[in-house]
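Please take these sequences and the hints and turn them into a complete structure.
Top to bottom, those sequences are chains A and B.
Just so you know, we're using my numbering here: the first sequence kicks off at 1 and counts up by one.
Just so you know, we're using my numbering here: the second sequence kicks off at 1001 and counts up by one.
It is possible that some hints are incorrect.
Covered by chain B, per the in silico footprint, the following chain A stretches (three or more residues, Cβ under 8 Å) [to be verified]: (1) 36-49; (2) 120-132.
Restraint ranges, calculated between C-beta atoms of paired labels, are given here [as the list claims (entries may be wrong)]: (3) A:Lys-73 with B:Gly-1075: 17 to 27 Å; (4) B:Ser-1059 with A:Gln-17: 28 to 38 Å; (5) B:Ser-1062 with A:Gln-17: 41 to 51 Å; (6) B:Thr-1143 with A:Glu-123: 25 to 35 Å; (7) B:Gln-1058 with A:Pro-119: 40 to 50 Å; (8) A:Arg-31 with B:Gly-1075: 43 to 53 Å.
Straight-line C-alpha distance at most 16 Å; calculated EDC-like pairs for lysine to aspartate or glutamate [said to hold, decoys possible]: (9) A:Lys-56 with A:Glu-15; (10) A:Lys-56 with A:Glu-86; (11) A:Lys-9 with A:Glu-59; (12) A:Lys-73 with A:Glu-146; (13) A:Lys-56 with A:Glu-3; (14) A:Lys-56 with B:Asp-1132; (15) A:Lys-56 with A:Asp-18; (16) A:Lys-9 with A:Asp-106; (17) B:Lys-1056 with B:Glu-1092; (18) A:Lys-129 with B:Glu-1092; (19) A:Lys-129 with B:Glu-1148; (20) A:Lys-129 with B:Asp-1130.
Please keep in mind that the hints were generated in silico from the structure rather than gathered at the bench.
Glycine included, every Cβ here is placed at the ideal spot set by N, Cα and C.
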Amino acid sequence: MPERPERMKRNGRAEDQDFQAAEKLFRRYTREHYINGLFSNTGFAFTSPQSVNRQKYSEPADVLFSETDEFAKWGVLSFKCEDLPESFPPDNPQYRFFARHVPMEDNYAHSEVWCDALPATGEYVRPSKQVRKLFRAALSQRIAIEIAATV
Amino acid sequence: MIIAEAIADRKTRFRSPIESNAVGAASQELKTEAAKDLENAVSVSVFWTATVLLAKAQSRLSELAQIGSNWDTYGAPAPNQAALETAVRVLEHMNPFDLMLANIVPSAEGGVGFCFSRGDRYADIESSNDGDIIGVRYIGMQTPVLIETDGTDASIEAALQQVRNHIRA
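Here you go:
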């Protein structure tokens, strides 16, 4: 059984909501959403906060870690915090997207991509279907492949 | 699968009754050539190509009907009956060009995505679990453009036409 890297364990560390613009956020993916060299937005969902791992406290491969090796052939993609717009959509700003550090005991880097309305409510606000579709597409244009999926 | 069965059936009919005499080799050669000609004729037939592509797409939808929730390990819902039924309607409007380029995938928001890409051009049409159909198209890093429908056959056809124009341009 693979051993969990020490950096993944929380070990009493506090939340850290300081995200730099260039910090990467990592997420697993499979090849079916990577179509002829383009990542399809259908692989993203923003109906609720989306889990990612933040670069500041993790390596890309950490999102593939599993005691049972179930993600051995999955890939890892990334986007940057600066890819999450402070106001969206550009022609009629209604929402703000941002990263939140939500550490877990066995995955300190765990974070979430959040959406709030403009002005802020402090809650996760589910954008309209049209805005979600545009945001998912915009984000998929900006992803980088950190580890290529083979499944 | 339909094509494979048709070919197998024709091959059986071409079987020579003479397998091991003086004309056996010539007979075998003739038989092989005839089978090849048949396969070529079938494979270039527009009708058969369309039939095979449609069968593959239907088969893919059947696969998606079997996946469970959390298929992306991030909690994605499985495509539900509404999404699958709408996806079948979208499929009915597709021509062989559409079918050839379409990648049919589960949507992380719940539903079925018909995704197309060529070079730096991307477009999709998504049939969602709440019964809606919405799509998007873009080139490279250009601002994405929504493809909206009202669920009618005419709007599905118009959406697919947008996809064709975008991908073929």
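Against the structure, the hints come out as follows:
1. Figure legend: the region 36-49 of chain A, annotated as covered by chain B; annotation consistent (12 residues with Cβ-Cβ distances under 8 Å, at least 3 required).
2. Closer than 8 Å: that is the beta-carbon criterion, and the region 120-132 of chain A has 3 residues meeting it against chain B, so the requirement of 3 holds.
3. At about 20 Å, the CB distance of A:Lys-73 to B:Gly-1075 agrees with the hint of 17 to 27 Å.
4. Between B:Ser-1059 and A:Gln-17 the Cβ separation comes to about 47 Å, which falls outside the hinted range of 28 to 38 Å.
5. At about 45 Å, the CB distance of B:Ser-1062 to A:Gln-17 agrees with the hint of 41 to 51 Å.
6. A hinted range of 25 to 35 Å holds for the C-beta pair B:Thr-1143 and A:Glu-123, which are about 28 Å apart.
7. The given range of 40 to 50 Å is respected by B:Gln-1058 and A:Pro-119, whose C-beta atoms sit roughly 48 Å from each other.
8. Checked against the given bound of 43 to 53 Å, the beta carbons of A:Arg-31 and B:Gly-1075, roughly 20 Å apart, lie outside it.
9. About 12 Å separates the Cα atoms of A:Lys-56 and A:Glu-15, which keeps this hinted pair within 16 Å; it holds.
10. Annotation: proposed proximity of A:Lys-56 to A:Glu-86 is violated, straight-line Cα distance about 21 Å (limit 16 Å).
11. Simply put, A:Lys-9 and A:Glu-59 have alpha-carbon atoms about 13 Å apart, close enough for the 16 Å limit, and the pair holds.
12. A distance of roughly 13 Å separates the Cα atoms of A:Lys-73 and A:Glu-146; the hinted pair therefore holds under the 16 Å criterion.
13. Restraint check: the Cα-Cα separation between A:Lys-56 and A:Glu-3 comes to about 21 Å, which exceeds 16 Å; the hinted pair is violated.
14. Among the hinted pairs, A:Lys-56 with B:Asp-1132 is inconsistent with the structure: their alpha-carbon atoms are about 39 Å apart, more than 16 Å.
15. Our distance criterion of 16 Å between C-alpha atoms is met by A:Lys-56 and A:Asp-18, whose separation comes to about 10 Å.
16. A distance of roughly 5 Å separates the Cα atoms of A:Lys-9 and A:Asp-106; the hinted pair therefore holds under the 16 Å criterion.
17. Between B:Lys-1056 and B:Glu-1092 the alpha-carbon distance is near 13 Å, which keeps this suggested pair within the 16 Å criterion.
18. Of the supplied pair hints, the one linking A:Lys-129 and B:Glu-1092 is violated, its CA atoms being roughly 24 Å apart against a limit of 16 Å.
19. A C-alpha spacing of about 11 Å is found between A:Lys-129 and B:Glu-1148, which places the hinted pair at or below 16 Å, so the restraint holds.
20. Note on A:Lys-129 and B:Asp-1130: the hinted pairing holds, with a Cα-Cα distance of about 11 Å set against a maximum of 16 Å.
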